[in-house]
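**Student:** With chain E held as given, fit chain L onto it using these hints.
Residues per chain are reported as follows:
2 protein chains.
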Amino acid sequence: MEKLKLMSLYADFRKDLSFIEKELEQSIDSSSPVIRQASLLLLRAGGKRIRPIFVILSSQFGEYSMENVAKVAVSLELIHMASLVHDDVIDDSDFRRGFETVKARWNNRIAMYAGDYIFSRALVSIGEIEMPAVHQLLAETMLEICKGEIIQIEYQQQTNQSFRDYLRRIKRKTALLLSSSCELGALVSNATPETVGKLKRFGYFAGMAFQIVDDILDITSTDEQLGKPAGSDLLNGHLTLPTLYIKDDPEFQPFLLRSFDGSLTEEERGLMLTYIRKSGAIEKAQQVSNMYLKKAIAEVESLPDGEAKRALLQIAAFLGKRKF
Amino acid sequence: MEKLKLMSLYADFRKDLSFIEKELEQSIDSSSPVIRQASLLLLRAGGKRIRPIFVILSSQFGEYSMENVAKVAVSLELIHMASLVHDDVIDDSDFRRGFETVKARWNNRIAMYAGDYIFSRALVSIGEIEMPAVHQLLAETMLEICKGEIIQIEYQQQTNQSFRDYLRRIKRKTALLLSSSCELGALVSNATPETVGKLKRFGYFAGMAFQIVDDILDITSTDEQLGKPAGSDLLNGHLTLPTLYIKDDPEFQPFLLRSFDGSLTEEERGLMLTYIRKSGAIEKAQQVSNMYLKKAIAEVESLPDGEAKRALLQIAAFLGKRKF
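Chains E and L, in that order, give the protein sequences. Going left to right, the first sequence walks through residues 1 to 324 as the numbering used here numbers them. Going left to right, the second sequence walks through residues 1 to 324 as the numbering used here numbers them.
Okay, chain E solo, but in the shape it has when bound:
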């Protein structure tokens, strides 16, 4: 359904994507049964493969070499997967997109080391590319992402935070890796510095919009659609954009505090979600997301016409409207 719609955006690049999918499967092949099973579980749970598609599309604006592009794409998707495994350790989540998580099936220790392993695999994949700038960019990106993960814990259950804190957090959590996906795809194809810059900013703005929509969906979707309880962000102690708008609202505050201290009942969770949905906060958050999408689109518009540009614009439009 929704997923199929997204795939149709990828139609022109289906062959490239399935090549990368195969490389991904190969790269996590291991003689250790635990590693192999854990990685396959993750791979099958799928996801939208947005990082690989951003790498592929950005590479089209330079001298396209599928071999190098695949190495970068595989590496970035593996880093994303590794961070999901580590996130599962963090959030005590037993399901992700309806699939059992690595952590639930084995335990926190295995999940941590499986994440480390997948992460090392990513380095091996990108290690074959002999461009120092690529390694430096990847290392800097990962450093910022890791910083973000710790900062996210520092802010957990803190009600005293600003919009700026939130934006900085989602930049590190999501936008940076998407931005670097575009930048690396363009870099590795020797695109001009100007083009690299535009694609990098496209990825950043699209990533900010993507995460804001994610945070909205955590409130507006059903448990079934999410594969986890709606409102999980709050239950896990994270204030997101919609809830930041109403965090000082006296009618919302009791919900917020009970979410954070773990005493919210199932009935109260339903009431809380309805309250947020009707508060106007969702619409405000949607506007911020739309603003980022507009910025993303503006970066791409001046690039040369073609299939890649069309696909980037369609993805941007899609990210704003997605319902999953």
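To give an idea of the interface, some chain E residues facing chain L are shown, with a C-beta separation under 7 Å as derived from the structure:
| no. | residue |
| --- | --- |
| 1 | Ile35 |
| 2 | Ser120 |
| 3 | His135 |
| 4 | Ala139 |
| 5 | Ile151 |
Quick caveat, the hints were computed from the structure, so don't treat them as lab data. Just so you know, these numbers come straight off a predicted model, no measurement behind them. Glycine included, every Cβ here is placed at the ideal spot set by N, Cα and C.
**Tutor:** Just chain L now, kept in the frame of chain E:
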């Protein structure tokens, strides 16, 4: 005391080492108080800085450039530190060398992410070196180490394992990173392939001996010397070389099984340690360690004479006799 003796081996390279120590401190400086404090705690807990010293000494057999050597040395020590933080999550250890661990002071989540962060810092440090072979070697090394960490869990509490299983495990746990420290130090200084090979093997053999001695000390030292209970390896479900020799001994078996299932009393722990110490297993393990040390020394003997060669030989001799 013992530590001072080791430092005296480093005397000729003290300036280089203190330069690296400063770079290490700078590299973990962060605006996040949790990251900064966690990393500083680790840094202060110290350790023997064997990886940096191996990098420095190996670099002396090529065209020595302190700037590059320091980047490699800092990177390898950070990787070692990151793996210690992740090990603490695993072993539920609250103290390491008598210092509170990152995990105990904060929690498992923070420890995992602090490890990830320090690890990314390592990549940033080495990322500045524009030699593809360096990045490939580091990535492959880390992949093997991560594999080893998962395999170590797979073998946990398994009594049915061979000497080969043990040797493969300590190779990944310790010898590989020491081997790569030597190899990278030589590579980054453009030493000849023959010299690179000798140093790489020296690091590997010395690393095997080092870990075997570590595993012996876990049995022969006092709780105070170790900063954790003697026999911790067994209590954590790990069979090491000395205990492999007697694992099927009917008098030892009850100790082994009770260590693994967590029912060993403090009194029994004392009896068990005495039993192992008197069994002859320690001496057999010591012989294997000595065999590796001889191999390590043989690799270095054909290298050109000088301060670096002398220091490598002294370190090898020291590793065999160390009491901490």
